[in-house]
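Novice: Given these sequences and hints, build the entire structure.
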Amino acid sequence: MDTLNLAWLLVAIPLVSSAVLLLLGRGSDAWGHWLGVLASAASAVLAIVILVQLLGLGADDRTANVHLFDWIPAGDLTVSAGLLVDPLSVTFAILITFVGTLIHIYAVAYMSHDVDRRRFFAYLNLFIAAMLVLVLADSYALLFLGWEGVGLASYLLIGFWNQNTEYAVAAKKAFVMNRVGDMGMLVAMMAMFATFGAVDFDTVFGAADGAGEGAMTLIGLMLVLAACGKSAQFPLQAWLGDAMAGPTPVSALIHAATMVTAGVYLIVRSGPIFEQTPTAQLVAAIVGAVTLLFGAIVGCAKDDIKKVLAASTMSQIGYMMLAAGLGPIGYAFAIFHLITHGFFKAGMFLGAGSVMHGMGDEVNMRGFGNLSRYMKVTWITFMAGWLAIIGIPPFSGFWSKDKIIESAFVGEGWQPWVFGTVALVGAGITAFYMSRLFFMTFHGKARWNDGKNDLPGPERTPHESPALMTVPMIVLAIGAIGLGGLLTIGDSFVTWLEPVTGHVEHHEPVLPIPVIMVTTIVLVLLGAGLAWRQYAASAVPVAPPTGSVLTRAARADLYQDAVNEGVFMRPGQHLTRTLVYTDTAVVDGAVNGLGSGTLGWGERLRRLQNGFVRSYAAVMLIGVIGALVVVLASRV
Amino acid sequence: MNAALEISTGEAVLFWVLAPLMVAGALSLLFAKRPVHIAVSIAGVMIGLAVMYIMLEAPFLGVAQIVVYTGAVMMLFLFVIMLAGVDSSESLVETIKGQRGIAVVGLLGLLILVITVLTRASLPPAVGLAQANADTNPVGVARLIFGDYIFAFELTAALLITAALGALVLSHRRRLSPKVGQAELAEAKLAAYGKGGSAEGVTPPAGPGVYARHNSADMPALDAAGNPIDDSVVTVLRVRGQEAETADLDADRVARIATGAPMVPELDGAERADRAELDEQAETTKENEE
Amino acid sequence: MSLVNYLVLSGILFSIGSIAVLTRRNAIIAFMGVELMLNAANLTLVTFGRLHGDLHGQVIAFFVMVVAAAEVVIGLAIIVSIFRTRGSASIDDANLLKS
Numbered sequence: 001m002d003t004l005n006l007a008w009l010l011v012a013i014p015l016v017s018s019a020v021l022l023l024l025g026r027g028s029d030a031w032g033h034w035l036g037v038l039a040s041a042a043s044a045v046l047a048i049v050i051l052v053q054l055l056g057l058g059a060d061d062r063t064a065n066v067h068l069f070d071w072i073p074a075g076d077l078t079v080s081a082g083l084l085v086d087p088l089s090v091t092f093a094i095l096i097t098f099v100g101t102l103i104h105i106y107a108v109a110y111m112s113h114d115v116d117r118r119r120f121f122a123y124l125n126l127f128i129a130a131m132l133v134l135v136l137a138d139s140y141a142l143l144f145l146g147w148e149g150v151g152l153a154s155y156l157l158i159g160f161w162n163q164n165t166e167y168a169v170a171a172k173k174a175f176v177m178n179r180v181g182d183m184g185m186l187v188a189m190m191a192m193f194a195t196f197g198a199v200d201f202d203t204v205f206g207a208a209d210g211a212g213e214g215a216m217t218l219i220g221l222m223l224v225l226a227a228c229g230k231s232a233q234f235p236l237q238a239w240l241g242d243a244m245a246g247p248t249p250v251s252a253l254i255h256a257a258t259m260v261t262a263g264v265y266l267i268v269r270s271g272p273i274f275e276q277t278p279t280a281q282l283v284a285a286i287v288g289a290v291t292l293l294f295g296a297i298v299g300c301a302k303d304d305i306k307k308v309l310a311a312s313t314m315s316q317i318g319y320m321m322l323a324a325g326l327g328p329i330g331y332a333f334a335i336f337h338l339i340t341h342g343f344f345k346a347g348m349f350l351g352a353g354s355v356m357h358g359m360g361d362e363v364n365m366r367g368f369g370n371l372s373r374y375m376k377v378t379w380i381t382f383m384a385g386w387l388a389i390i391g392i393p394p395f396s397g398f399w400s401k402d403k404i405i406e407s408a409f410v411g412e413g414w415q416p417w418v419f420g421t422v423a424l425v426g427a428g429i430t431a432f433y434m435s436r437l438f439f440m441t442f443h444g445k446a447r448w449n450d451g452k453n454d455l456p457g458p459e460r461t462p463h464e465s466p467a468l469m470t471v472p473m474i475v476l477a478i479g480a481i482g483l484g485g486l487l488t489i490g491d492s493f494v495t496w497l498e499p500v501t502g503h504v505e506h507h508e509p510v511l512p513i514p515v516i517m518v519t520t521i522v523l524v525l526l527g528a529g530l531a532w533r534q535y536a537a538s539a540v541p542v543a544p545p546t547g548s549v550l551t552r553a554a555r556a557d558l559y560q561d562a563v564n565e566g567v568f569m570r571p572g573q574h575l576t577r578t579l580v581y582t583d584t585a586v587v588d589g590a591v592n593g594l595g596s597g598t599l600g601w602g603e604r605l606r607r608l609q610n611g612f613v614r615s616y617a618a619v620m621l622i623g624v625i626g627a628l629v630v631v632l633a634s635r636v
Numbered sequence: 001m002n003a004a005l006e007i008s009t010g011e012a013v014l015f016w017v018l019a020p021l022m023v024a025g026a027l028s029l030l031f032a033k034r035p036v037h038i039a040v041s042i043a044g045v046m047i048g049l050a051v052m053y054i055m056l057e058a059p060f061l062g063v064a065q066i067v068v069y070t071g072a073v074m075m076l077f078l079f080v081i082m083l084a085g086v087d088s089s090e091s092l093v094e095t096i097k098g099q100r101g102i103a104v105v106g107l108l109g110l111l112i113l114v115i116t117v118l119t120r121a122s123l124p125p126a127v128g129l130a131q132a133n134a135d136t137n138p139v140g141v142a143r144l145i146f147g148d149y150i151f152a153f154e155l156t157a158a159l160l161i162t163a164a165l166g167a168l169v170l171s172h173r174r175r176l177s178p179k180v181g182q183a184e185l186a187e188a189k190l191a192a193y194g195k196g197g198s199a200e201g202v203t204p205p206a207g208p209g210v211y212a213r214h215n216s217a218d219m220p221a222l223d224a225a226g227n228p229i230d231d232s233v234v235t236v237l238r239v240r241g242q243e244a245e246t247a248d249l250d251a252d253r254v255a256r257i258a259t260g261a262p263m264v265p266e267l268d269g270a271e272r273a274d275r276a277e278l279d280e281q282a283e284t285t286k287e288n289e290e
Numbered sequence: 001m002s003l004v005n006y007l008v009l010s011g012i013l014f015s016i017g018s019i020a021v022l023t024r025r026n027a028i029i030a031f032m033g034v035e036l037m038l039n040a041a042n043l044t045l046v047t048f049g050r051l052h053g054d055l056h057g058q059v060i061a062f063f064v065m066v067v068a069a070a071e072v073v074i075g076l077a078i079i080v081s082i083f084r085t086r087g088s089a090s091i092d093d094a095n096l097l098k099s
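Protein chains in written order, with our numbering: chain R, 1 to 636; chain G, 1 to 290; chain B, 1 to 99.
Rather than coming from a laboratory, the hints here were simulated on the basis of the structure.
Computed from a predicted structure; not experimentally measured.
Certain hints may be false.
[Stated by the list, open to error] Partial list, computed: chain B residues near chain G (C-beta under 8 Å): (1) THR23; (2) MET37; (3) ASN39; (4) ALA41; (5) VAL59; (6) ALA69; (7) ILE74; (8) ARG86.
Just so you know, even glycine gets a beta-carbon here, dropped at the ideal spot from N, CA and C.
Specialist: Structure (structure tokens):
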């Protein structure tokens, strides 16, 4: 188990690198980005070594607790910082470090013109370290540390170009909405401490059976809230679209592949808790289903390429949440989809970044078109991702998403029908909007000014990106093509996760599996065909048409921001204003009144204190006479 | 048990003589201007009080009153007055606003209160100290002081010692510069003279009154030019205006002093012959000896 | 003639002393007022001692005298040292207590 004991290096290497980059400052500008890449790559190599070592062990031995140090010795609560190395955490570690390293490499080129590239890499390394802490933690407390760490890194990276006020506001929005979820996490931990007296996984999961359902439901719901905040699930999803303000590598790494999936990880990791509370499970599934549709609808209307991808991410994570909410039968598929999604969505984000790179940072898809001629590599890699996400066999997405749809149909009562239908319809809509994105960008007529046509806008000279950018895209595209099928062979991935998710007997869906599969593919083809007819075969207007009510609503994120503002922000502002007024008028008024009253009386009384002994003597004499009069009066 | 006290007519007369005097003396506190007058008046009040103590069958206390208050405390007051403010006759104008009003109100209040209480109080018949003073008053008091009150008495001893030490500390002035003695003073004067300063202190000042007439101390000495030297007359006489002028002398005497002629009275002829004869005899004696 | 006369005299003397303290600015004079008040009190003590045929009054008066003597010594020493440092024996000049 030697290598497993070195698991702490996974976290330490990027953390040290980040600290070095931040502390050395401008001195490390010249080589800082390569140090960042190296740190990430070292972690990736180590993760692979650990993976190999775990694969060499029996299924039951694939869990290792690496105790690091006693972290919080506080009375009854002793939290030790330790790492939990098991199939689930190692899977995540691989995803984070491998995709992370690719994106690091990509960013070397993508950020080459930015004066603050070193700082960017420092933040990226910080993110890698924090995310690894999150997934490797052996207690909720340490997980929370990583949870906040990725939140911080996310905030720093979204607002990386904080000279732009809008971006800074977006970063703040993400930060604040994440805090709402963090509250859930904190309350969940408090409830755990109250119920079990501990927050480490072993104790909590071991005692979960015996705990009351009320407590477990509270913990479960709070964990779902936490997951909603971090994974941009309904109703806390509004920040993800704005988070696209960050540089594209950030969007790819944090807001597509890794951080936003932390919520799914949290729920899968907390499986033993959710098993005790069907309510929370159901809530998680409903949240997932709602977000799935929500993201898909929003994705259909957006014209900003990155925002479409963000909506798609939201929707795909909705799938994962739905799967996670289905219980043990869904856990493995949730993680499976998470992994494949990590690859193809990261690849597509990088592709989008490449397109932006070639098109002068233009993000409006209505200003693209026919780019396949100019960016062959980007086009092909993006196509791989596109086929994967809409679920065309044998691309990765098909294997994972299909399993989730199947699982959604498992069960009794109304639930399989509702969830299954939602998942099915979602797949169709996904096919539509992803195809829309793909066709609008790479096919159809060119809608940008190439210097020869008389289209408005600045002149564009689309070109392929340098190898530093294309190579990561190619690698991710390979993953998008083959990873799903590879891991499905012999159910190897599901088996691999069994020590964590538990073995699940095969359940028959309410519909026969072939029916589901065929329906899915038909819906997908329908959606893609509709998109082809509308956005590739016919001309796309440069100016967005007014559209139907639904389109307009979807463009405005289904008025989620307005709802948030109306329901939470405005009353909150009124509340704070009232509180401030109360504070100034009543509390401060009383305090200040007391103060000024004292001052005024003091000013008046001060005149008595004129410093003349004779005056004091006079007061004394008057006092004595008065006292004597009182005494005598009381005796008469 | 005891017969009621009879107050003799003599005592009453003495009281009525003394009391107004004492009140008058006390009122000097309020109206007199010079501290010395007040101190003496209060000393008188103290003596009156001593007499009253004796009238009140407390001869020991009366004597102690004279010794302690009149003899020690008031004299101490006089010392301090001499030291600190003998010539400061303060104005009686009040500077603190309303102080005088308060004082008047206080005075009236106190008087009315005290007199009302005393006149309305139902005091028991007076007993007198005839029994208590059976072995003479000092013995009676001593029995109490050295009996019941011995501890308090010892404490007062400590108190007095402390007070003496405290007064010593309070009035002690720490020397900030080295003490200047006679030797240092003389050196300083010589050094000043050496630098061209005045010769004062180096040569003794001129003495007054070389012309004995009636009171030479009031007569200034004359310098070589015949001008009077003012400093030669003591300050007190000059301040009092009792200094004599050179003009008081007759003119030819002044002139003779100025010319340096011998101060020999005029001799008539016979006297001159006698003198010449005497001179002659002296010379012959001289020659004989040789 | 009764012993009350002595008491009234004592009251008058006490009042005069206290008013002297209030009105006179010269510390020495004010201090004499204090002495007068003490003596007035002593007179009361002695008078009541005679009234009750008890020597305790005289003993207390004796102690008052002793304490007053000590107090005078200290008080005058303070006045002298203030006079030396501030060149004034006026009570009103010693008003450093005022802010």
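Novice: Closer than 8 Å between Cβ atoms is the bar; does ALA41/B clear it against chain G? Give me holds or violated.
Specialist: 11 Å, violated
Novice: Per the CB criterion, is ILE74/B less than 8 Å away from chain G?
Specialist: 5 Å, holds
Novice: Tell me if the interface restraint on THR23/B is satisfied: Cβ within less than 8 Å of some Cβ in chain G.
Specialist: With a minimum Cβ separation of about 5 Å from chain G (threshold 8 Å), the hint on THR23/B holds.
Novice: Next item in the hint list is ARG86/B. Is there a CB on chain G closer than 8 Å to its CB?
Specialist: Given a least distance of 11 Å, the restraint on ARG86/B is violated.
Novice: Grab the minimum C-beta distance from ASN39/B to chain G and call the hint holds if it beats 8 Å, violated otherwise.
Specialist: Hint holds; ASN39/B Cβ to chain G Cβ min 6 Å, cut 8 Å.
Novice: With a cut-off of 8 Å on the beta carbons, see whether MET37/B makes it to chain G.
Specialist: 10 Å, violated
Novice: Checking hints one by one. Is ALA69/B an interface residue toward chain G, by the C-beta closer than 8 Å rule?
Specialist: 6 Å, holds
Novice: Quick one, is the VAL59/B hint okay against chain G at 8 Å, beta carbons?
Specialist: Holds. Min distance 5 Å.
In terms of the numbered hints stated before, the structure departs from hints 2, 4 and 8, listed from lowest to highest.
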